[in-house]
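Colleague: Okay, here's what each chain looks like letter by letter:
Number of protein chains: 2
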Amino acid sequence: MKVKVVTHILEANDRIAAENRKLFKESGVYVINLMSAPGAGKTSLIEKTIRELSGDLKIGVIEGDIAGFDDARRISNLNVPVVQINTGGACHLDANMISEVLGDLPLKELDLLIIENVGNLVCPAEFKVGENIKVMLLSIAEGDDKPLKYPLMFEESSALILNKIDLLPHTNASIEKIRKNSLSLNRKLKIFEVSCRTGEGIGKWVKWLQSLIK
Amino acid sequence: MKVKVVTHILEANDRIAAENRKLFKESGVYVINLMSAPGAGKTSLIEKTIRELSGDLKIGVIEGDIAGFDDARRISNLNVPVVQINTGGACHLDANMISEVLGDLPLKELDLLIIENVGNLVCPAEFKVGENIKVMLLSIAEGDDKPLKYPLMFEESSALILNKIDLLPHTNASIEKIRKNSLSLNRKLKIFEVSCRTGEGIGKWVKWLQSLIK
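Read top to bottom, the protein sequences are chains F and Y. Taking the working numbering, the leading residue of the first sequence gets 1, the next gets one more, and so forth. Taking the working numbering, the leading residue of the second sequence gets 1001, the next gets one more, and so forth.
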């Protein structure tokens, strides 16, 4: 019975996601659905990406959180259009939440829209919001056993950003194990090793992103 | 409409949780529902706790994961009864999942049952499973902004275990900020600072746990 309900919700969601997708395409904006567990560094990655690309691309951001406005405040300091969604308890963004805020963004002026999902390694991967691609982060401090325990997000994502690699010497995690198990789930997955704290590896990620948009 | 569905599910869940609760009480077993984001160190904390307490208490474990048996394998190495639940996609344990595996544990012989929930800082806090208390972990590597962004788990938990404090010098996180914002949500919250890697702080947590059970 619970499964039936979820199917119903997912069908309705996919219909709205397709409408969002159409609007994004008509507006000429490339859309990334950015997902991770809490604290993997999504907002920091967005900040770094904006700093690197703002001379080249017009970027907008949608911030998704259960509660609070911290992330939108951080992004608005960079003078890009940003909208905060508070889900009020829901553990993921869905297509309808996105649809409701699109009027608050200058879509036709944007080249890239980054949607920061709620911090959760599970549910966000189930809900399309109209994005071109899903991108996920994994903090090296979360350990190397995540791909096999939370497979769906790894399967659904086009890129995996391994963040906080500056912490690698202080953990027991193996990047090789993460790579191997991630690629066993999704052999097309593009993997980047970065540190949003030190800036290491950000250049490669940003270059790949540019290649998708232009 | 979505909210209505969730309410219905939660009502059914609470009824089954109360039945589990009754069975736990009759069996004389104290039950902890252990929650956190992915990779905060739940399984490591359980391992440390078993090592410290196994001379004193009979402990059993239920492991909840979307997929995989890694955690149950780790725990079974410690020669305690353990059951693995694979939710097959669901982002949290619910009372019915727990009810279905209780026949596989020697409940009457146990003093303490630790239920490791799916790694998720959101949904597990919404679903009672029949526990005496909820305990949550937060890895210091997740940053200090989590209490205000994911308030429900902090509100529902009796104890917050700040894990991986050995990484503190390598992060920008402030323990004071976490403490302040956690206590603003839940002034009764008991906070422990530990490192499952170095063993620091485990003694205080274990002593507190013993005081609850005996």
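Watch out, some of these pointers could steer you wrong.
Unchecked claim - Per label pair, the in silico range of CB-to-CB distance:
id, chain 1, residue 1, chain 2, residue 2, range
1, F, GLY28, Y, GLY1199, 35 to 45 Å
2, Y, LYS1108, F, GLU200, 47 to 57 Å
3, Y, SER1184, F, LYS207, 40 to 50 Å
4, Y, ARG1015, F, GLU100, 45 to 55 Å
5, F, GLU109, Y, GLY1203, 32 to 42 Å
6, Y, ARG1015, F, SER184, 54 to 64 Å
7, F, GLY55, Y, GLU1100, 53 to 63 Å
8, F, LEU10, Y, LEU1010, 15 to 25 Å
9, Y, PRO1106, F, ASP70, 29 to 39 Å
To be verified - Chain Y stretches covered by chain F per the calculated footprint, using a threshold of three residues with CB under 8 Å from any CB of chain F:
id, stretch
10, 1019–1025
11, 1146–1159
No lab work stands behind these hints, which were simulated from the structure alone. Glycine residues also receive a C-beta, built at the ideal position from the N, C-alpha and C atoms.
Colleague: Run every hint past the structure and note whether it holds.
Modeller: Now the hints, each set against the structure:
1. Between GLY28(F) and GLY1199(Y) the beta carbons are some 56 Å apart, a value that contradicts the proposed interval 35 to 45 Å.
2. A hinted range of 47 to 57 Å for the beta carbons of LYS1108(Y) and GLU200(F) is consistent with their spacing of about 55 Å.
3. A C-beta distance of roughly 43 Å is found between SER1184(Y) and LYS207(F), which places it inside the suggested range of 40 to 50 Å.
4. A C-beta distance of roughly 34 Å is found between ARG1015(Y) and GLU100(F), which places it outside the suggested range of 45 to 55 Å.
5. For the pair GLU109(F) and GLY1203(Y), the beta carbons lie near 58 Å from each other, so the given range of 32 to 42 Å is not met.
6. For ARG1015(Y) paired with SER184(F), a C-beta distance near 41 Å fails the hint of 54 to 64 Å.
7. At about 57 Å, the CB distance of GLY55(F) to GLU1100(Y) agrees with the hint of 53 to 63 Å.
8. Checked against the hint of 15 to 25 Å, the C-beta distance between LEU10(F) and LEU1010(Y) comes to roughly 20 Å, which is consistent with it.
9. Between PRO1106(Y) and ASP70(F) the Cβ separation comes to about 47 Å, which falls outside the hinted range of 29 to 39 Å.
10. Residue count for the stretch 1019–1025 of chain Y with a Cβ under 8 Å from a Cβ of chain F: 0. That is fewer than the three needed, and the coverage hint is violated.
11. With 6 residues having a Cβ less than 8 Å from any Cβ of chain F, the stretch 1146–1159 of chain Y passes the three-residue criterion, so the hint holds.
The structure is inconsistent with the numbered hints 1, 4, 5, 6, 9 and 10, although it conforms to all the rest.
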